[in-house]
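Just need the whole structure built from these sequences, with the hints factored in.
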Amino acid sequence: METIVQNIQGVPLNHYILFCSIIFTIGVIGVLTRRNVIIIMMSVELMLNAVNLLLTAFSAHSGDPAGQVFVFFIMALAAAEVAVGLAIIVMVYRNTRSVDINALNRLRG
Amino acid sequence: MSVFYFVAFLSIFFALMTIFTKNPVHSVLYLVITFFTFTIHYILLNAQFLAVVNFIVYMGAIMVLFLFVLMLLNLNKDTEPLKSNLVKFMGVVAGACLLLTVAGSLRLMEVSNPIVLKNPDIGLVGSLGKVLFSDFLLPFEISSILLLTAMVGAVLLAKNESKKA
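So the protein sequences, as listed, match chains W and C.
Its first residue numbered -11, the first sequence is counted upward by one per residue in our numbering.
Its first residue numbered 68, the second sequence is counted upward by one per residue in our numbering.
Each hint can be trusted.
Some chain W residues near chain C, calculated using beta-carbon distances under 10 Å:
1) His3
2) Phe7
3) Ile17
4) Asn37
5) Val57
6) Ala67
7) Tyr81
Across the chosen pairs, the derived CB separations fall in these ranges:
8) C:Asp188 with W:Met79: 44 to 50 Å
9) W:Asn83 with C:Phe156: 31 to 37 Å
10) W:Leu92 with C:Asp188: 43 to 49 Å
11) C:Met157 with W:Arg96: 20 to 26 Å
12) C:Leu77 with W:Asn93: 35 to 41 Å
13) C:Leu223 with W:Pro0: 47 to 53 Å
14) W:Asp88 with C:Ala225: 18 to 24 Å
15) C:Gly193 with W:Arg96: 49 to 55 Å
16) C:Val219 with W:Arg94: 22 to 28 Å
17) C:Met138 with W:Leu95: 23 to 29 Å
18) C:Val70 with W:Leu92: 40 to 46 Å
Only some residues are given here: those of chain C computed to face chain W with a beta carbon under 8 Å:
19) Phe71
20) Ala75
21) Thr85
22) Leu98
23) Ala114
24) Val120
25) Gly158
26) Val159
Keep in mind the hints are simulated off the structure, nothing from the lab.
Glycine included, every Cβ here is placed at the ideal spot set by N, Cα and C.
Take a look at the structure:
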C-alpha cells in the first residue's frame, strides 16, 4: 500500500493530460473511420474512460473527493447508455439485417 | 513512476488494436484488456473504489453485454464493408488535428508539479461513501431513476419487435 502510493509520486499532471487526450483521440478516430455500429459504440466507451481517468487524476491532485464521485456517476450513466444503445442496435439489425452505419440513412425520411 | 509510463504505453497500444482490428470479437477482447490497464491506473492513483467499480461494471458487465450482442447477431466474422481510403485518411487527419491542438495548448503551461497524494485515503470506500451520502445524496437517488428508465427502455425496445415478427 505504501509502495503503491510512493509509486505514483513524481508523475507530472501534464503527462496525465497528454495520455488521456491520446486515448480520447484514438476514440474519435475509431468513430470516424469504422462503419460497424458496435465498434463505434466501443470507441465512445473508450472516450468516456479517458475522461474518467483524467477526472480521477485531477481529483487526486487537488485532494477533493468530489471528482471521484463524479466518475462514479459517469459510470452509471455509461451503463444505462450501453443498455439502451445495444437494444437499439438489435432492433435495427432485425429490421435491416446489418449493423452497417449506412443502413441508418433511411432515418432521413 | 516508471510503472505509469509502462501501463500508459500498454493502454495506448491496446486501444489502437481495438480500433484497427478487423474482427469485431477480437476488437471487444482488446477493449477488455484496455479497460484492465485503466483499472491498474486507478490503483496507481490509490482510487480503490473506482478501480473495483471499473473492474466489475466495465469489464464484467458492459463488455459481456457487447460480446453477447456480437454473438447474438452472429457477427463474429469480418463482414464489415470497409470505408473508402479517403474517408479513413480524413478521419485520421481530423483526430491528429484534435491531438495537436490539445498538445500545443499543453506546451503553454509550464511543467506542472507532480501529483502528490496529499490525502492518500481520498479514494477509499469509506471516505467516498461519506461524501456520496451527504453532499451528493440527491444526484445519487436520481441516478437510480436513470437506471430504471434505461432498463424499461431496453426491455421495451427489445421486446416490442419480437412480438410483431
